[in-house]
Amino acid sequence: MTPADLHRGVAELTTREPLFAAVVDRHGFPPMWDRPPGLPSLLHIMLEQQVSLASARATFDRVKQLADPLTAANLLRLDDLQLRGAGFSRQKTRYARAMATAVLDGSLDLDALPTLDDHAVEAALRTLPGIGPWTSAIYLLSALGRPDAWPNGDLAVAVGIAELWQLPAVPTPAEILLRAEAWRPWRAVAARLLWQQYLATRAPRSGPV
1 MTPADLHRGV AELTTREPLF AAVVDRHGFP PMWDRPPGLP SLLHIMLEQQ VSLASARATF
61 DRVKQLADPL TAANLLRLDD LQLRGAGFSR QKTRYARAMA TAVLDGSLDL DALPTLDDHA
121 VEAALRTLPG IGPWTSAIYL LSALGRPDAW PNGDLAVAVG IAELWQLPAV PTPAEILLRA
181 EAWRPWRAVA ARLLWQQYLA TRAPRSGPV
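According to full-length UniProt numbering, the stretch in the sequence shown is residues 1 to 209, in order.
Hints were generated in silico from the structure; no laboratory data involved. Quick caveat: nothing in here was measured; it's all calculated off a predicted structure. Heads up, some of the hints might be wrong.
The following label-pair restraints were derived from C-beta to C-beta distances [stated by the list, open to error]:
#1 T115 <-> P31: 22 to 28 Å
#2 T101 <-> L53: 41 to 47 Å
#3 V170 <-> L53: 15 to 21 Å
Here a beta-carbon is modelled for each residue, glycine too, at the ideal position from N, C-alpha and C.
Make a model of the complete structure from these sequences and hints.
Put into structure tokens, the structure is as follows:
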């Protein structure tokens, strides 16, 4: 997805949904919030699972220094003590090793993912332990720029929906998925608008991705 695509998606969604138009009016145009495709971004997204973005960033920065440059081979050269010292949990240490091994042995070809459709990308990524729907969707959205990728289960998206629609409770993933059908083929743009809503009402931070 290019900046022009983002502008087109925002234009379409704000025409369809006045509440999205209100987000842009109040908080400005959402950023691209993109990342380069490849192992470092996939690893970083995995580190963001169930922790704060600041904590994940700190861990990612430490492992980048230890495995400079951050390649699959260099990551596998680090022992468990080094990864744990960088901030990896035991579980994420196992996930990182499996990810690097798959890249190195060719069972996961990250360079080929841009040529695949969204479902095929998700299927390829989810063969790895620790990579589920949220992680694969965030990679599709931010690293591959897919305009309809949808990070179901994302807390900031869920809270943004609850705030915008003034719901009595944060909606369930099933409720969110149903609601998001109306935003195709621009669900990744809708996610950015919801992140914009979420971040604008909280302490400044770099962004959700």
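Outcome of the hint check:
A hinted range of 22 to 28 Å for the beta carbons of T115 and P31 is consistent with their spacing of about 26 Å. Separated by about 27 Å at the C-beta atoms, T101 and L53 break the suggested range of 41 to 47 Å. A hinted range of 15 to 21 Å for the beta carbons of V170 and L53 is consistent with their spacing of about 19 Å.
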